[in-house]
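K.L.:
One-letter residues, chain by chain:
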Amino acid sequence: MSQGIGAPVKRKEDKRFTTGKGKYTDDIRMENQAYAAFVRSPFAHARVRNIDTSAAMVMDGVIAIHNGAELTGDGIGNIICGWAITSKDGSPMNMGAWSALATEKTRYVGDAVAIVIAETKAQARAAAEAVDVDYEELPVAATIAAALADDAPQIHENAAGNIVYDWEIGERDATDKALANAAHVTEMDITNNRLSPNPMEPRSAIATFDEAEDHYTLYTTSQNPHVARLVLSAFYQVAPEHKLRVIAPDVGGGFGSKIYIYPEEIACLWASMKTNRSVKWTSDRTEAFLTDAHGRDHLTKARMGFDAEGRIVGFKVSTKANFGAYMSLFSSAVPTYLYATLLSGTYNIPNIYCEVLGVYTNTVPVDAYRGAGRPEASYLVERMMETAARELGKDPAELRNINFIREFPHQTPVIMNYDSGDFEGNMRQAMEAADWAGFAARKAESRARGKLRGIGMSCYIEACGIAPSAAVGSLGAGVGLWESAEVRMNPVGTIEVLTGSHSHGQGHETTFAQVVADRFGVPIDSVQIVHGDTDKVQFGMGTYGSRSGPVGMSAIVKALDKVEAKIRKLAAHLLEVSEADIVIEDAQAKVVGTNKSLAWHEIGLAAYTGHNLPEGMEPGLKEGAFYDPMNFTFPMGCFICEVEVDPQTGKTEIVSFVASDDFGTIINPMIVEGQVHGGIAQGVGQAMLEEVRYSEDGQQLSASYMDYAMPRADDLPNFEVLHHGTTCTTNPLGMKGCGEAGAIGTPPAVINAITSAIGNNDLNMPTTPAKVWAAINAARIAAE
Amino acid sequence: MDLIGSRTIAASTDVVWQAILSADVLQACVPGCTEMSGSPEDGFEATVVQKVGPVKATFKGVVTLSNMVPRTSLMLSGEGKGGAAGFARGGAKVHLEAEGSGTVLHYNVEAKVGGKLAQLGSRIIDGFARKMADQFFENLQKQIEGPSEGDGNETAKKGWFKKLVS
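For the protein sequence lines, the chains are A and B, in the order given.
Residue 143 in my numbering sits at position 143 of the first sequence, with consecutive numbering throughout.
Residue 1002 in my numbering sits at position 2 of the second sequence, with consecutive numbering throughout.
Derived by calculation from the structure, the hints in this document are not laboratory data.
Mixed in with the good hints, there may be bad ones.
Pulled from the structure, derived: some chain A residues nowhere near chain B, Cβ distances all over 12 Å [said to hold, decoys possible]:
id, residue
1, Pro42
2, Ala128
3, Val133
4, Thr286
5, Phe539
6, Glu585
7, Ala625
8, Thr665
9, Gln700
10, Phe719
11, Ala783
Examples of chain B residues toward chain A, derived with CB under 10 Å [to be verified]:
id, residue
12, Gly1053
13, Lys1056
14, Lys1081
15, Phe1087
16, Gly1091
17, Ala1092
18, Val1113
19, Gly1114
20, Lys1116
A quick note: this is a predicted structure, and the numbers were derived from the prediction, not measured.
Virtual Cβ for every residue (Gly too), placed ideally from N, Cα, C.
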């Protein structure tokens, strides 16, 4: 069976993952390892008056306790946000100072004020509890509304009114005019609920300082070890890049939350130098709720105008985005360039205007979480479309269909230029699989049993394969978003591929090897994917934004092109034919039309012995490439969700879920289906179960799995996952990316279904039974 | 969260007032209180051991009396730090009203928690605070009135007031 592109081969990495042999950061033990625990603020906003370590320092096993003043005194820099956003008035964003250990003030519950190093984990934790911090409590702003109130406490000195930025995109006047002349305007207030990312493996770090070499090594749970090294060196001044090795070994999920460089990694590196010990820290689950960057948390007012035929004439959006207490690494880009640029959805919208107010609150920093801005855009656009269809009395599929973009490339009014797609094709495929036409009969059957049945659709689109470096640079990004690869063929013919992408569950060790197998006909078992180590891989931008396929694999393709060219030249020389007569297949270099060939190991040996090379050819078979994408990619699809609601209890059951996606070229359909399953599960989680809740004084009330409801298997139906693909025109393999789609397309499909079932459109996520029950009864009372 | 309640105590407002100002009475009334020292003027230092849901902690803190209008009303506030468990804070506005020979004690209690107590125990804090408040005022009533009649050994179980006047 082929193991190349399109083959559903089983994942190579699953042998170690399913037998408990994965090697995660917490599995690593260093010779002279000590443990860190952090002293964290129990107050959401407080002045630190004094830190008394006297009782803690004399406890068993305590090696050292360090605070923020010492950390900044040693020249460790503040944590930065790497994407500069400019406000409407031309002013730069207001980035508040964020020290890895708080110095004067703590700004959210969990903000660390000191690091305790001890011989054992238990000793470190016990001593951290004994550190006596004298806090002066300050007034708290735990929500966007509280932070924007006239008498709100100021969280950062340089951010008046707690405003991060006041940004806009699109044409305000033209959009206002279009709405004023519209035959119908749909208006909605939409809340996008705050989520905690919850990767299975909590964050962890182990830092080692080598005094003799002035060299640091950091093992950490990172989605992008090279970016981690870059910011640790260039901004946090921990060590120069050549004196800092960052290794991200097996990582158990990230969903965005492991992109960022957090206070704990910085403090562990610094403490390893202070104590001359390896310093290890592993988050517990509540610590993860308190410190892992949260996602979403938008409040939006939107107006969408239609002409008499139902064609969209304008879309005006005003969003307030909660940033939490500090600006995390990519936080500024999420509610702007990853959100507002997707507000055209899959539709031809001539006029779009969006303004976004970024707001500091006394909560955990908010940053990218699976989808990052695009779920917020998709939820908004698809809730608006569904609501407009109900108001206009049109079939929601028909209203979408008359507005679909059909010609490509399509330039939207908000930067993005879609290269390809067949939006109606995906919708028709999903409608057929979901038996859209038979819904009325199913609804009647449910009604006969006393149940309410609803069906909902979403036709999402997202921008992936981030991103063209020059384009993102012009929008304020502090980095380029290319990817690198190196292909090394060994003398015996086995192949190592070094990639700057990072696998933390995506199956790169299999899919990347399939690209090589497809090119040369070698078995995937003879291809090793090397990633996650700054000493092995020269540089890379890591894995997020569904970029490892379209960008990471494109870099591999470019490196393979170079290796193949050299092999052809070498084989032609050895077989004494012209290069044009050489074909490479079945792990051989063959001469067309003859039975002459070179076996794979013969090619490798010839290259490495160098005994008989063409004139001017260097020995060896190793080529590298950097690939900078020429555009974003635009995966899209149509999801249809059908639900049944018990009006007595408000309990909702998803009875069917169909996904028809366009991911372009698919390397491994089994892995892609797995990605879609996981994404839908997270999307259902957002829609029906998950929400981070704060008390008004900034206490996080949902910091354990007793209170934060994760989706479980019995919350989910059997998904029907289909593919209707068009080829992406802007990368060599024609890939679009699939990692985030499920989480982006699902919430609006679910909410459209539930609101259709209960006959009340006024329903916010997550749709707990209590909320659904209240909405059913509110609708009933209003009708009476 | 606010809890409002009242309790009728078979003693004059003067007796009830004196009882509330006593460190011994307060110690006996605060559920889980193991130590209490100080005075109404300077405030009291207290140690309280409590289990809130999954979190058991020793809280060290202060109890202060303020807005005192003799025999009529006062504010009773407590604030404790429970180390890694976080903190707990509560206040009770107390208003005394004479009714015949007895006193109706009205209370309005507010409770707040933070840190681990909030993260793990928020669901049960309201119930917990209600229980704490009910116990406190029930204890206060017992302290003042003593056990109900015919309830065993008179001397040993005399209430605070009866001990005081006997």
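K.L.:
Hint by hint, work out which the structure violates, then give me just those numbers in ascending order.
P.N.:
Hint check: 1, 2, 3, 4, 9, 13, 16, 17 fail, others pass.
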